[in-house]
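S.K.: So the sequences go chain by chain: B and P. For the record, in the first sequence the residue sitting at position 47 is 711 according to the numbering used here, with numbers rising by one throughout. For the record, in the second sequence the residue sitting at position 3 is 433 according to the numbering used here, with numbers rising by one throughout.
The reader is advised that the hints may include incorrect statements.
Calculated pairs, PhoX-like style, for lysine-lysine (alpha carbon to alpha carbon, straight line, at most 20 Å) [unchecked claim]:
id: 1; chain 1: P; residue 1: 490; chain 2: P; residue 2: 447
id: 2; chain 1: P; residue 1: 529; chain 2: B; residue 2: 771
id: 3; chain 1: P; residue 1: 541; chain 2: P; residue 2: 524
id: 4; chain 1: P; residue 1: 529; chain 2: B; residue 2: 728
id: 5; chain 1: P; residue 1: 494; chain 2: P; residue 2: 466
id: 6; chain 1: P; residue 1: 541; chain 2: P; residue 2: 468
id: 7; chain 1: P; residue 1: 494; chain 2: B; residue 2: 771
id: 8; chain 1: P; residue 1: 498; chain 2: P; residue 2: 524
id: 9; chain 1: P; residue 1: 481; chain 2: P; residue 2: 499
id: 10; chain 1: B; residue 1: 719; chain 2: B; residue 2: 705
id: 11; chain 1: P; residue 1: 481; chain 2: P; residue 2: 494
id: 12; chain 1: P; residue 1: 524; chain 2: P; residue 2: 481
id: 13; chain 1: B; residue 1: 771; chain 2: P; residue 2: 466
id: 14; chain 1: P; residue 1: 541; chain 2: P; residue 2: 466
id: 15; chain 1: P; residue 1: 481; chain 2: P; residue 2: 457
id: 16; chain 1: P; residue 1: 541; chain 2: P; residue 2: 490
id: 17; chain 1: P; residue 1: 490; chain 2: P; residue 2: 466
id: 18; chain 1: B; residue 1: 730; chain 2: B; residue 2: 684
id: 19; chain 1: P; residue 1: 486; chain 2: B; residue 2: 771
id: 20; chain 1: P; residue 1: 499; chain 2: B; residue 2: 771
id: 21; chain 1: B; residue 1: 705; chain 2: P; residue 2: 466
id: 22; chain 1: B; residue 1: 684; chain 2: B; residue 2: 719
id: 23; chain 1: B; residue 1: 771; chain 2: P; residue 2: 524
id: 24; chain 1: P; residue 1: 498; chain 2: P; residue 2: 457
id: 25; chain 1: P; residue 1: 524; chain 2: P; residue 2: 457
id: 26; chain 1: B; residue 1: 678; chain 2: B; residue 2: 730
id: 27; chain 1: B; residue 1: 771; chain 2: P; residue 2: 457
id: 28; chain 1: P; residue 1: 529; chain 2: B; residue 2: 719
id: 29; chain 1: P; residue 1: 498; chain 2: P; residue 2: 486
id: 30; chain 1: P; residue 1: 457; chain 2: P; residue 2: 490
id: 31; chain 1: P; residue 1: 529; chain 2: P; residue 2: 466
id: 32; chain 1: B; residue 1: 705; chain 2: P; residue 2: 468
id: 33; chain 1: P; residue 1: 481; chain 2: P; residue 2: 529
id: 34; chain 1: P; residue 1: 468; chain 2: P; residue 2: 490
id: 35; chain 1: P; residue 1: 529; chain 2: P; residue 2: 457
id: 36; chain 1: B; residue 1: 771; chain 2: P; residue 2: 447
FYI, nobody ran anything at the bench for these hints, they're computed from the structure.
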Amino acid sequence: GAVVSQHPSWVICKSGTSVKIECRSLDFQATTMFWYRQFPKQSLMLMATSNEGSKATYEQGVEKDKFLINHASLTLSTLTVTSAHPEDSSFYICSARDQETEGYSAKNIQYFGAGTRLSVL
Amino acid sequence: SQELEQSPQSLIVQEGKNLTINCTSSKTLYGLYWYKQKYGEGLIFLMMLQKGGEEKSHEKITAKLDEKKQQSSLHITASQPSHAGIYLCGADHKAAGNKLTFGGGTRVLVKP
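Model the full assembly from the supplied sequences, consistent with the hints where possible.
M.R.: What follows is the structure, encoded as structure tokens:
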């Protein structure tokens, strides 16, 4: 299966600092990547859709100035949590969409990174 | 999400027993994706279903999508400790396939 690498896996930072998380598709090109947030014992909440070469599309309620997304190449998207505060502490997961086709039907499978656990002190 | 209901929320099974997880959508599905997550880790892709009545199997895991394309089930035969984890269904409700809506997840524990 396709491999998505997410880095770092764990980060601790002081309140007010910024943290950058990288998401790379290692063996396929991804024009679209996604950023999710997951709270303990809850499902994934989509934060934004990252499109290569264009602006990200944010979900309702997600602050675009707080969570900066850059998708500069077909294999790399970054999420920067700016001026992080304790309430931003969470598990952040990225995925990359592999748009392989099967006949006339696109499979659009999202492959996920291992996640980044952010703790803001 | 109310668009996608997953049941049960948790499941404890004896090793060797079968188990079934259900995923029901309020809207017709364009695609239904099953993933497995271990605590604190990313999601591992299991299977994807698109056609009404479709059924796919991989090792001891079988996933089905009903004819109306609104309900899917994931069945594990003769469960093993390695099957423990959180199973999530993800729904693609639009033909464009850009976003997935995830169910609440089913936490599976296999007792040896």
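S.K.: With reference to the structure, classify each hint as holding or not holding.
M.R.: The hints, checked one at a time:
1. Between the alpha carbons of residue 490 (chain P) and residue 447 (chain P) the distance comes to roughly 12 Å, so the proposed pair stays at or under 20 Å and holds.
2. Distance check on the hinted pair: residue 529 (chain P) and residue 771 (chain B) sit about 13 Å apart at the alpha-carbon level, within 20 Å; holds.
3. For the hint linking residue 541 (chain P) to residue 524 (chain P), the alpha-carbon distance of about 39 Å lies beyond 20 Å, and the restraint is violated.
4. About 18 Å separates the Cα atoms of residue 529 (chain P) and residue 728 (chain B), which keeps this hinted pair within 20 Å; it holds.
5. A threshold of 20 Å between alpha carbons decides the hint, and for residue 494 (chain P) with residue 466 (chain P) the separation of about 16 Å falls inside it, so the pair holds.
6. Pair hint residue 541 (chain P) plus residue 468 (chain P) holds up; C-alpha atoms about 16 Å apart against a cutoff of 20 Å.
7. Our distance criterion of 20 Å between C-alpha atoms is met by residue 494 (chain P) and residue 771 (chain B), whose separation comes to about 16 Å.
8. Pair hint residue 498 (chain P) plus residue 524 (chain P) holds up; C-alpha atoms about 15 Å apart against a cutoff of 20 Å.
9. Our distance criterion of 20 Å between C-alpha atoms is met by residue 481 (chain P) and residue 499 (chain P), whose separation comes to about 7 Å.
10. Distance check on the hinted pair: residue 719 (chain B) and residue 705 (chain B) sit about 31 Å apart at the alpha-carbon level, beyond 20 Å; violated.
11. For the hint linking residue 481 (chain P) to residue 494 (chain P), the alpha-carbon distance of about 10 Å falls within 20 Å, and the restraint holds.
12. Note on residue 524 (chain P) and residue 481 (chain P): the hinted pairing holds, with a Cα-Cα distance of about 14 Å set against a maximum of 20 Å.
13. With a C-alpha separation of about 18 Å, the suggested pairing of residue 771 (chain B) with residue 466 (chain P) holds against the 20 Å cut-off.
14. For the given pair, residue 541 (chain P) sits about 18 Å from residue 466 (chain P) by alpha-carbon distance, which is consistent with the 20 Å threshold.
15. As the CA atoms of residue 481 (chain P) and residue 457 (chain P) are separated by approximately 15 Å, the hinted pair is consistent with the 20 Å bound.
16. This hinted pair checks out: residue 541 (chain P) and residue 490 (chain P) have alpha carbons roughly 17 Å apart, not beyond 20 Å.
17. A C-alpha spacing of about 14 Å is found between residue 490 (chain P) and residue 466 (chain P), which places the hinted pair at or below 20 Å, so the restraint holds.
18. Restraint check for residue 730 (chain B) and residue 684 (chain B): satisfied, since their Cα atoms lie roughly 12 Å apart, inside the 20 Å limit.
19. A C-alpha spacing of about 14 Å is found between residue 486 (chain P) and residue 771 (chain B), which places the hinted pair at or below 20 Å, so the restraint holds.
20. Restraint check for residue 499 (chain P) and residue 771 (chain B): the C-alpha separation of about 16 Å stays at or below 20 Å, so the hint holds.
21. A distance of roughly 14 Å separates the Cα atoms of residue 705 (chain B) and residue 466 (chain P); the hinted pair therefore holds under the 20 Å criterion.
22. In summary, the hint linking residue 684 (chain B) to residue 719 (chain B) is supported, as the alpha carbons are separated by about 17 Å, within the 20 Å threshold.
23. Distance restraint check for residue 771 (chain B) and residue 524 (chain P): the Cα-Cα separation of roughly 13 Å lies within the 20 Å cut-off, and the hinted pair is therefore satisfied.
24. Taken as a hint, the residue 498 (chain P) and residue 457 (chain P) pair is honoured in the structure, with Cα atoms around 10 Å apart against an allowance of 20 Å.
25. Straight-line distance between C-alpha atoms of residue 524 (chain P) and residue 457 (chain P) comes to about 10 Å, which keeps the hinted pair within the 20 Å bound.
26. Restraint check for residue 678 (chain B) and residue 730 (chain B): the C-alpha separation of about 16 Å stays at or below 20 Å, so the hint holds.
27. Taking the CA atoms of residue 771 (chain B) and residue 457 (chain P), the gap is near 19 Å; set against the 20 Å cutoff, the hint holds.
28. Taken as a hint, the residue 529 (chain P) and residue 719 (chain B) pair is honoured in the structure, with Cα atoms around 16 Å apart against an allowance of 20 Å.
29. For the suggested pair residue 498 (chain P) and residue 486 (chain P), the alpha carbons sit about 17 Å apart, so the restraint of at most 20 Å is met.
30. In summary, the hint linking residue 457 (chain P) to residue 490 (chain P) is not supported, as the alpha carbons are separated by about 29 Å, beyond the 20 Å threshold.
31. About 18 Å separates the Cα atoms of residue 529 (chain P) and residue 466 (chain P), which keeps this hinted pair within 20 Å; it holds.
32. For the hint linking residue 705 (chain B) to residue 468 (chain P), the alpha-carbon distance of about 11 Å falls within 20 Å, and the restraint holds.
33. As the CA atoms of residue 481 (chain P) and residue 529 (chain P) are separated by approximately 18 Å, the hinted pair is consistent with the 20 Å bound.
34. A distance of roughly 18 Å separates the Cα atoms of residue 468 (chain P) and residue 490 (chain P); the hinted pair therefore holds under the 20 Å criterion.
35. Proposed proximity of residue 529 (chain P) and residue 457 (chain P) is supported: the alpha carbons are some 15 Å apart, at most 20 Å.
36. Between residue 771 (chain B) and residue 447 (chain P), the direct Cα distance comes to roughly 32 Å. Violation of the 20 Å bound is thereby established for this hinted pair.
Consistency note: the structure conflicts with the earlier hints numbered 3, 10, 30, 36.
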